[in-house]
Amino acid sequence: MHRRTVLKGGMTLVASAIALPQSADARMGTVLPDDEKFMKLALKEAAEAAFPFGAVIVKDGDVLASGHNRTGVDHDPTAHGEMVAIRAFSASHGPDAFKGTTLYTSGEPCCMCMGAIIWCGISRLVFAASVKQIASKLDQISLSAEDVAAHAPFAPITITGGVLADDAMKLFK
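When the letters of the sequence shown are read in order and numbered with the numbering used here, they come out as residues 1 to 173.
Each hint should be verified, as a subset may be incorrect.
As the list claims (entries may be wrong) - Computed Cβ-Cβ distance ranges for the label pairs, DEER-style: (1) Glu36 - Pro95: 27 to 35 Å; (2) Met28 - Ala97: 22 to 30 Å; (3) Arg87 - Ala47: 27 to 35 Å; (4) Met28 - Ala91: 24 to 32 Å; (5) His75 - Asp166: 15 to 23 Å; (6) His75 - Thr30: 38 to 46 Å; (7) Ala88 - Lys37: 29 to 37 Å; (8) Ser136 - Met112: 29 to 37 Å; (9) Gln140 - Glu48: 18 to 26 Å; (10) Lys44 - Asp74: 14 to 22 Å.
Said to hold, decoys possible - The list that follows gives simulated cross-link-like pairs (lysine-lysine, DSBU-like), each with its CA atoms no further than 30 Å apart: (11) Lys137 - Lys99; (12) Lys137 - Lys173; (13) Lys173 - Lys99.
It is worth saying that the hints were derived from the structure and are not from the lab. Where is the CB? At the ideal position from N, CA and C, for every residue including glycine.
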């Protein structure tokens, strides 16, 4: 192997370590006993929307907010299911109450929604269909929730994907 090739590879590793902070605390989580129950509620929300994205926010086993995509109804391109649920939660519980919550969503959040999830301090995210799966049906920005979270070392979050993904994909026509 040529010496220059080895050095070039070493620089790539250094650059990668800088670009993806090692201190980021995005952990891939396991499926918990109640995850399917709450995901079914998120999928029910999704079924109400023209674009099937629905979300529920849960704390200590209680659903405290829900929402589905309202971009067409509200003429608001930011009214994704997760954003609608976050706005409803914040309006009724205040912005400091997100700690310890889990957001369940029918589809892996886009980078806008994932940014909002991080800024809110939501502790856990559970999604059904992945961005890659959804992209087979709808245009998507190919940036995973884990990728976004990896660049936010100040906000620990546990991410669990694939819960009832097949059921979610049936909503995408």
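Point to revise | Violating hint indices (sorted, rising) | key: 3, 5, 7, 8, 11 and 13
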